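Colleague: Letter by letter, the chains look like this.
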Amino acid sequence: MTFDINTIIYILEIIVGGLLVGVGVHFVPVGGAPAAMAQATGIGTGTVQLAAGSGLTGLLSAGLMMSVTDNLWAILATGAVGAMIMIDATMLAGSWIYAYAVGAPFASAKVNYDPITGFSQPPYVAPGTVGQGIPTVCFVSGTIGAAMGGLGGAMIYYPLVQINGNPAMSAIFAIGIFFVDAVLASWNIQGTIEGFHDPKFKKWPNAFKSCLVATAILAVVAVLITPIGGV
Amino acid sequence: MAEKTVVKGFKIEPKQLRIYGLVGSVVGIYLAYILNSVTGTNIFSFVGALAALFGVVMGANAVRRVCAYGIGTGVPSIGMLSLGMGTVAVLFGLNIAEQLGVGLLGVILALVYSLIFGYVVGLIANRVMGFNIPIMEEGLTDLSGAGTLAILGWCFAISGSLAYADIVKDVFNTGFLAIIFICGGLAILHPFNANLGPDEKQDRTLVNGVMVGGMSTIATGICALMTLGLAAGMVQIVVGFAIWYYFYVWYFRLAKRDASAVVGTGLLPPSAL
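So the sequence lines, in the order shown, correspond to chains A and B.
The numbers in the first sequence follow the numbering used here, run straight up by one, and end at 231.
The numbers in the second sequence follow the numbering used here, run straight up by one, and end at 504.
Bound conformation, chain A alone (with noise of 0.2 Å):
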């Protein structure tokens, strides 16, 4: 392998963007096994699967980019993007069950009026609860978070294309690279989190330290790698 000017800035890009998926779990409202029973705010599945989600769609969306065009800028749009989609389509279906199915009311118990339509939340919340399906400050802040994610995963992906021109390994390494980063900030926020309102965001810096020396430790490996045997 040569090494250049572009190693470093693909080290950096692969860095960026684990960071962004790191911080941008923190956006996502996940409830994990509670919100499932409609007994806490958030989607009702674990942080894993939902950053999963949005960043294989986000990354699938970027490489269908990639095939079309070389530009940086529309790749990682195209990746946030689809990574929004998805977000979004999981948390208004969701709503739907809540909504229709369950018949909970949408509330917060971690604010006293949502940030964003200034509605009273702690007369909605159910006793014994803390708070039911996906209020609107969840469901904005959940897709921020999913634009992060998206950013992250087609920044990741972006640099080892170029590097061992194999969108395969490329999109699977990518995944690696993901999971690490989306398990240690789920890791940090202890499974579950409404948003950027939730107190435990105050938490983002530690998943910002713990990320950036996880991921440093698989950029460097990453640009390493070199396609050989007429691959």
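Among the hints, erroneous ones may be present.
[What the hints assert, rightly or not] Have a look at the derived ranges for each label pair, beta carbon to beta carbon:
#1 B:Y300 with A:A89: 34 to 40 Å
#2 A:A33 with B:V494: 24 to 30 Å
#3 B:D430 with A:M37: 22 to 28 Å
#4 A:D70 with B:G406: 20 to 26 Å
#5 B:G240 with A:V68: 55 to 61 Å
#6 A:A36 with B:Y477: 33 to 39 Å
#7 A:G103 with B:I250: 54 to 60 Å
#8 B:G301 with A:G103: 31 to 37 Å
No lab work stands behind these hints: they were computed from the structure.
Just so it is clear, the structure is predicted and the values come from calculations on it, not from any experiment.
The beta carbon of each residue, even a glycine, is placed where N, CA and C say it ideally should be.
Place chain B on chain A using the hints.
Modeller: The following block gives chain B in isolation, referenced to the frame of chain A:
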């Protein structure tokens, strides 16, 4: 209800299990390679899948040790982390070995990198995130190594070769790595996820892990039908089925051993209970 019979159980120290896992898996992968190259066929690729099972058992034990402390995000996250670290390590190890001209040492290089990376992630989890789980570093080192060995073993089972170019062509470009990723992840994370609770027993959890590993071997066998041909693929499917069946029966007995009572619902004949 039938009289409770004595079922063969076991209890292995984590250190001992780690040695079995690492040595068994590495030796198994190289044994598979030697058998394949000496006989000039790819029939023995299934030995790679058997080698992966050693890694799986080590990983499943690490999952049950770490997750017993409670990590707040559910067991699947740690399994995905393990396989994520493993994927990166495998690609790196095989590629670097090939670049340095020592293609055969790829397994060792991947393993060493993954162990170091796992230790660093464990250190981060404890120091930066404040988990304060005393065995976190140790557990994640094990898990990272287990993920790497599982992926390597099953990669060999699909490609029948340790060469970087062959593995990329047969496993990565075909997308079969996604199957290894999820099936291998299941084999590592599912046992504790299925058996957790106050009465969780090591032997029951690990037997469950080998059982799921057997099913994963069936899946890789189906993939091998396309890459290695009918004979090698069929051998792998049959071996996977045999492993699954043997350990399923064992697991069923262990589950009955640990249950306070076993009553039939009428769906199964009484002789099956």
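Colleague: Which hints from the list above does the structure break, by number from lowest to highest?
Modeller: Violated hints: none at all, because every hint is consistent with the structure.
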